[in-house]
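Protein chains in written order, with my numbering: chain V, 560 to 781; chain B, 560 to 781; chain S, 1259 to 1463; chain X, 1259 to 1463; chain P, -17 to 230.
These aren't lab readings, by the way, just hints derived from the structure by calculation. Incorrect hints may appear among the rest.
Away from chain B, derived, C-beta distances all over 12 Å, residues of chain P [what the hints assert, rightly or not]: (1) -1; (2) 3; (3) 48; (4) 52; (5) 63; (6) 103; (7) 105; (8) 182; (9) 219.
Computed cross-link-like contacts, BS3-like style, restricted to lysine-lysine with a CA-CA straight-line distance of at most 25 Å [claimed, not checked]: (10) 1325(X) - 777(B); (11) 99(P) - 161(P); (12) 777(V) - 1325(S).
In this text, a Cβ means the ideal position worked out from N, Cα and C, and glycines have one as well.
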Amino acid sequence: MLQIVSYTIARDLRLALRRPADLVSVLFFFIIVASLFPLGVGPEADLLRQLAPGVLWVGALLATMLSLPRLFADDHRDGTLEQLALSPNPLGLMVLGKVIAHWLVSGLPLALLAPVLGLQFDLPADALWVLTFSILLGTPALSGIGAIGAGLTLGLRGGGVLLSLLVLPLYIPVLIFGAGAVDATVSGLGPGAHLSLLAALTIGGVAFAPWAAAAALKIALE
Amino acid sequence: MLQIVSYTIARDLRLALRRPADLVSVLFFFIIVASLFPLGVGPEADLLRQLAPGVLWVGALLATMLSLPRLFADDHRDGTLEQLALSPNPLGLMVLGKVIAHWLVSGLPLALLAPVLGLQFDLPADALWVLTFSILLGTPALSGIGAIGAGLTLGLRGGGVLLSLLVLPLYIPVLIFGAGAVDATVSGLGPGAHLSLLAALTIGGVAFAPWAAAAALKIALE
Amino acid sequence: MLEAENLECIRGERRLFHGVGFRLEAGELLFLQGRNGAGKTSLLRMLCGLSLPESGEIRWKGEPIRKLSDDFRSDLCYLGHLNAIKEELTPLENLLSSARLAGETLSDDDALDALEQVGLLGREDLACRYLSQGQKRRVALARLVPERRPLWILDEPFVALDVNAVAWLAGLIGAHLQRGGLAVMTTHQPVDIPAGQIRELRLGA
Amino acid sequence: MLEAENLECIRGERRLFHGVGFRLEAGELLFLQGRNGAGKTSLLRMLCGLSLPESGEIRWKGEPIRKLSDDFRSDLCYLGHLNAIKEELTPLENLLSSARLAGETLSDDDALDALEQVGLLGREDLACRYLSQGQKRRVALARLVPERRPLWILDEPFVALDVNAVAWLAGLIGAHLQRGGLAVMTTHQPVDIPAGQIRELRLGA
Amino acid sequence: MSMINWFKFSAPSTFYPLAGRLIPVFWALFAILALAGLWVGFFVAPTDFQQGEGYRIIFIHVGASWMSMFTYLVMAFWAGMGLAFNTRLSGMMASALAPTGALFAFISLWTGALWGKPMWGAWWVWDARLTSELILLFLYIGFIALTHAIDDTRRADKAGAILALVGVVNVPIIYFSVKWWNTLHQGASVSLTKAPAMASIMLWGMLLCALAMWMYSLAVALMRVRVIILERERHTDWVKELLAKRSQ
Ligand code: HEM
Ligand SMILES: Nc1ncnc2c1ncn2[C@@H]1O[C@H](COP(=O)(O)OP(=O)(O)OP(=O)(O)O)[C@@H](O)[C@H]1O
Ligand SMILES: Nc1ncnc2c1ncn2[C@@H]1O[C@H](COP(=O)(O)OP(=O)(O)OP(=O)(O)O)[C@@H](O)[C@H]1O
Ligand SMILES: [Mg+2]
Ligand SMILES: [Mg+2]
Chain V
560 MLQIVSYTIA
570 RDLRLALRRP
580 ADLVSVLFFF
590 IIVASLFPLG
600 VGPEADLLRQ
610 LAPGVLWVGA
620 LLATMLSLPR
630 LFADDHRDGT
640 LEQLALSPNP
650 LGLMVLGKVI
660 AHWLVSGLPL
670 ALLAPVLGLQ
680 FDLPADALWV
690 LTFSILLGTP
700 ALSGIGAIGA
710 GLTLGLRGGG
720 VLLSLLVLPL
730 YIPVLIFGAG
740 AVDATVSGLG
750 PGAHLSLLAA
760 LTIGGVAFAP
770 WAAAAALKIA
780 LE
Chain B
560 MLQIVSYTIA
570 RDLRLALRRP
580 ADLVSVLFFF
590 IIVASLFPLG
600 VGPEADLLRQ
610 LAPGVLWVGA
620 LLATMLSLPR
630 LFADDHRDGT
640 LEQLALSPNP
650 LGLMVLGKVI
660 AHWLVSGLPL
670 ALLAPVLGLQ
680 FDLPADALWV
690 LTFSILLGTP
700 ALSGIGAIGA
710 GLTLGLRGGG
720 VLLSLLVLPL
730 YIPVLIFGAG
740 AVDATVSGLG
750 PGAHLSLLAA
760 LTIGGVAFAP
770 WAAAAALKIA
780 LE
Chain S
1259 MLEAENLECI
1269 RGERRLFHGV
1279 GFRLEAGELL
1289 FLQGRNGAGK
1299 TSLLRMLCGL
1309 SLPESGEIRW
1319 KGEPIRKLSD
1329 DFRSDLCYLG
1339 HLNAIKEELT
1349 PLENLLSSAR
1359 LAGETLSDDD
1369 ALDALEQVGL
1379 LGREDLACRY
1389 LSQGQKRRVA
1399 LARLVPERRP
1409 LWILDEPFVA
1419 LDVNAVAWLA
1429 GLIGAHLQRG
1439 GLAVMTTHQP
1449 VDIPAGQIRE
1459 LRLGA
Chain X
1259 MLEAENLECI
1269 RGERRLFHGV
1279 GFRLEAGELL
1289 FLQGRNGAGK
1299 TSLLRMLCGL
1309 SLPESGEIRW
1319 KGEPIRKLSD
1329 DFRSDLCYLG
1339 HLNAIKEELT
1349 PLENLLSSAR
1359 LAGETLSDDD
1369 ALDALEQVGL
1379 LGREDLACRY
1389 LSQGQKRRVA
1399 LARLVPERRP
1409 LWILDEPFVA
1419 LDVNAVAWLA
1429 GLIGAHLQRG
1439 GLAVMTTHQP
1449 VDIPAGQIRE
1459 LRLGA
Chain P
-17 MSMINWFKFS
-7 APSTFYPLAG
3 RLIPVFWALF
13 AILALAGLWV
23 GFFVAPTDFQ
33 QGEGYRIIFI
43 HVGASWMSMF
53 TYLVMAFWAG
63 MGLAFNTRLS
73 GMMASALAPT
83 GALFAFISLW
93 TGALWGKPMW
103 GAWWVWDARL
113 TSELILLFLY
123 IGFIALTHAI
133 DDTRRADKAG
143 AILALVGVVN
153 VPIIYFSVKW
163 WNTLHQGASV
173 SLTKAPAMAS
183 IMLWGMLLCA
193 LAMWMYSLAV
203 ALMRVRVIIL
213 ERERHTDWVK
223 ELLAKRSQ
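Take these sequences, add in the hints, and give me the full structure.
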């Protein structure tokens, strides 16, 4: 059981490393989005500091979302997904492996980059820590929920945009608690409550989403 | 000459209409992004009104960008692009047709939707008009510049994210003048200067970009 | 071992076939025939359990495959129109990885041996993206070399192969049958499999 | 009419072929042979002008094709591994649209006639997504029926076709040659084209 | 230089040894100019009565900004040459220049930000020059990312060339942004037509530093291009010979 999960992770990581440009691009997308908002909104430092948690969280969320279509699409197009579905291993476990690998190449690096961008917005140090931690804690849920959406929209033309449509509403709670945690820190309330809700979302997402995604994939293959 | 452009437009529009979900999804993405920000940032009305031009423009820009990978990818995958490149018509003209069709199913509906979302943010009437007009005027440039990026990243795995990386920086001027026009209206300065710069960008983008994109496509096919 | 009874397939408003049934024992090959669009691919996907028949039943060792699921899948090897190889990985990596994901283990030596048999030695370290159409198909077929699961379902395996490769693959299927394996296959090309009992089933005749 | 001289093709670090040359006149068929990966597809793409040879030159009616560009392309019809059909459109729409984009006009009747010839009448209004592999290939081949441009370049046109369709296509190519057309073709299947002068070129022998 | 010469040196095999001979020269010039520039900048130039010691950042900032723009122009030039004449060396030159350009764009932004804090009270403002310089950095990064994402070097060069040529409009925007828009950023104070508006000792320091950066860029780009040549031409006879000779 564990073996097949870890093997799927290893395989997906290897594929991701064959194209380091992908990983780098997710990060740059994050950087660019985080820099676009100040452009659209104007340069006042106070305003920007107020915006920072929201903008950074939305950026992380969009960056994760953009990398979702690739989660299954490649495997679908070249027939690998059929083979996975026909393998004697439970498909849910393989999806779990793919979700974890996806997080390792998207959520994790985003979390590590977030504090650097937060500095640009002049966030105080404790808020930076909470920002990093909240993204670290919240992004697995994004990958998990995203997998369901990616499974449901698999093989549909324009699936990418349809995928956003399905997934974004489900991302909203993560966004609210994530940005909320940082806001709460800035305003001195302490992020505890928000962070534990975030943890609950992630545990739910990672434990349950792969099975829903596997069911969606089976339907997509029919 | 004109015939081939109009025929390409007709063909792409027909393909888009076969999948109305695509068109609807671009719009919903726009709506969702415009609604996410207030969620991430908090509900103060004054703050939101200040944010509105930036947020709406960024939303329109991201929605356009997300639909870019499909511009050539389908044609590439099924071999149509090779056939287009081998047709005796200049490839640039066919790309021009595709750019226009792309604008008709992304930029145009976004512009029509923008004032409705603007109302949500409590923008004054004249600002709403300028918002609509600026999006109408700016999005052709987005489609044109986007076509270059889509051509350059065609066929690369993870091209979608690389595409954003290439295209977003070039979108920044459009964003600045677009959001600037609305801002200027709100602050009573008048949007004239911004709008004429936007028009210049669009004329440049639409006239010149298809040829650069066609050159990129020929390279991608090699 | 593999039985199908009274299968019916409907696509859109069109009934592709109905009343299709057969019985295949160890060492036998079922050769599925029919013109383009007759429903061969649709039938093969049903036999794998990837799609459900409108009516009728498929049994493996006497049990309906719906009930067996995992057990059936560990007896089955399917090769479809698509190659199921990763363009970024090399032939060697592809082979190892598909074995692992199918729940088997394959030593490097065995994998290299399989690649040698399909004539890809010397290209085992080149990303599959660079291979020609026929070479990609060969990578997909290399999976069959160490394959010991009893039921092979092959959808037009000879497509894009050159003459030598066609002969080699026919031999490989023959050997599988002689080991007591079963195979269901479609192809539009005339080939002869050098062993085993061959049954034919013609769809949409 | 079509001449190639001393062509060389390098992929990665491998020289696929060099010193390849031929001369093809009206009514002649060049039959390109070679094992999988010999470089047939690469050569055909060069002949179309889609990729550049490392060295050597290709001439059409005496002029290098690089210089002709538009003129050459309006004499050329290429059919590759990929079908170049849109899954969302019906066979009829696909046919009309590819004619228009290639700068030609095709009446609805002619298009329906072409579809009848490839045996797709009755499916002309079904989105291509639902067609079988062979039927998709037939949609792509229907383009050749009204095609009057002199030079046809066909990369494994017979793949996925059933026996009847193979015979029909061979006849169609024969008719093209008899009208004074030229064709360059690869295939791994044995087929005989019922007319014209056939030349063979073997790559990587 | 005659036409024949030009084409002779555009062959990687002749360019390689030439570059090898030039590199030490450029390094030496760099060392001399950098020492002189820094000496003038930090010890000779007086403290500014308005800006205090902080203004000394100018010695790096201005040179780096110039270099970032100029390098882009050179890169785009090579890219265009590559597209037009299909010469192998052009693409190699463009790829060799990009990282240096990106570095200088980054330094310009970084020093600008450091300077902005005391001068304008903010690390960053969304002003036309600053924004367009940021776009320049992204263009460099985009160029590098794009060319690395394509394995076939010929294709990578051409695709990168298109991007470089499209982005070239940005350079005049950076340069003239202070004229065209009302910006916080300082206008041009060095020009060929007017007398310079700053103290001549400062000007000298700045020019020396800028020249040093020139030499550095040349040396580093040539070193990088040599590595690229070896990598791309590793199958040609002359490289094999060279490597064989070297490993003896
Ligand atoms: C991140 C912020 C900044 C960026 C991206 C930036 C960019 C540039 C660029 C591209 C140039 C060269 C253009 C030209 O020569 O016309 C330049 C020159 C210059 N910058 Fe900045 N700058 C920044 C911040 C600052 C600050 C804060 C100051 C000081 C108040 C400053 C003062 C100057 C001066 C004095 C020049 C030389 C102008 C001349 O002599 O032509 N810059 N900067
Ligand atoms: N929605 C639909 N409406 C009508 N017919 C449909 C629909 N979906 C599929 N079909 C038909 O179902 C058939 C699918 O056939 P299948 O792919 O199984 O054929 P095949 O025998 O494998 O053919 P080939 O030899 O070309 O591979 C085709 O004839 C197709 O036209
Ligand atoms: N980067 C590379 N390095 C080494 N070899 C390469 C590279 N890219 C392509 N090749 C080789 O080039 C050849 C491409 O062949 P091509 O597709 O033209 O073959 P083909 O004759 O059409 O074969 P098929 O009959 O299988 O269609 C293959 O042998 C492939 O392995
Ligand atoms: Mg089939
Ligand atoms: Mg081929």
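Evaluation of the provided hints:
1. -1: 31 Å, holds
2. 3: 35 Å, holds
3. 48: 21 Å, holds
4. 52: 20 Å, holds
5. 63: 15 Å, holds
6. 103: Residue 103(P) clear of chain B: closest Cβ-Cβ about 21 Å, beyond 12 Å.
7. 105: About 19 Å separates residue 105(P) from the closest Cβ of chain B, which puts it past 12 Å; holds.
8. 182: 37 Å, holds
9. 219: 26 Å, holds
10. 1325(X) - 777(B): 16 Å, holds
11. 99(P) - 161(P): Measuring from Cα to Cα gives roughly 23 Å; hence the hint holds.
12. 777(V) - 1325(S): Given pair residue 777(V), residue 1325(S) holds - Cα atoms ~16 Å apart, limit 25 Å.
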